[in-house]
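**Q** Sequence:
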Amino acid sequence: MDNSILSNCCTRTIILVALLLSLRTPGSRAFDNLEFRPAAVEPRVLELPRDYRAAERRLLGPFQLCLACKCCAAATPTPVCATMPCCFSIDCHLPNKPFGVCAFVPKSCNCASCAV
Numbered sequence: 163m164d165n166s167i168l169s170n171c172c173t174r175t176i177i178l179v180a181l182l183l184s185l186r187t188p189g190s191r192a193f194d195n196l197e198f199r200p201a202a203v204e205p206r207v208l209e210l211p212r213d214y215r216a217a218e219r220r221l222l223g224p225f226q227l228c229l230a231c232k233c234c235a236a237a238t239p240t241p242v243c244a245t246m247p248c249c250f251s252i253d254c255h256l257p258n259k260p261f262g263v264c265a266f267v268p269k270s271c272n273c274a275s276c277a278v
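Residue numbers (the working numbering): 163 to 278.
Worth flagging that the hints you see were computed from the coordinates, not collected in a lab. Just so it is clear, the structure is predicted and the values come from calculations on it, not from any experiment. Incorrect hints may appear among the rest.
[As the list claims (entries may be wrong)] The following label-pair restraints were derived from C-beta to C-beta distances: (1) T240 <-> G262: 36 to 42 Å; (2) A265 <-> T240: 37 to 43 Å; (3) A265 <-> A244: 21 to 27 Å.
[Stated by the list, open to error] Straight-line alpha carbon distances no greater than 27 Å define the calculated DSS-like cross-link-like pairs of lysine-lysine that follow: (4) K269 <-> K259; (5) K259 <-> K232; (6) K269 <-> K232.
Note that the Cβ used here is the ideal one computed from N, Cα and C, for glycine as well.
Start from the sequences, fold in the hints, and give me the full structure.
**A** This is the structure we're talking about:
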């Protein structure tokens, strides 16, 4: 009698597991009337700390350099040119050059110091 009860319990368990598995399979009829839609995901804005990459980056002020250059006065019919100290600065908005190309460009002639 104990064997029949144990056998009956195992049979019921096997049938119950088979029924549960048949309900979960995608091709089963249990899901035919359900309409599946993608779950709505709320976008999260990831905020980086304000000092992100601060150790790798340093703040630079405007860079100017006083070097010798050729300055010309074009008011006369023949231009008069002289070599004198000029104030150079870095310009990254050069005409006819790709983005990111920078060069030293003279800004003023006869400088004593390149104060901004």
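**Q** Straight-line Cα separation of K269 and K232 no greater than 27 Å?
**A** holds, 12 Å
**Q** Tell me if the straight-line CA distance from K269 to K259 falls inside 27 Å.
**A** The given pair, whose Cα atoms are some 19 Å apart, holds under the 27 Å limit.
**Q** Would you say the C-beta atoms of T240 and G262 sit inside 36 to 42 Å of each other?
**A** holds, 39 Å
**Q** Using the C-beta atoms of A265 and A244, is the stated range 21 to 27 Å upheld?
**A** holds, 23 Å
**Q** Holds or violated: K259 and K232, Cα atoms, limit 27 Å.
**A** holds, 23 Å
**Q** Just tell me: holds or violated, for the beta carbon distance of A265 and T240 against 37 to 43 Å?
**A** violated, 29 Å
The earlier numbered hint that this structure contradicts is number 2, and it is the only one.
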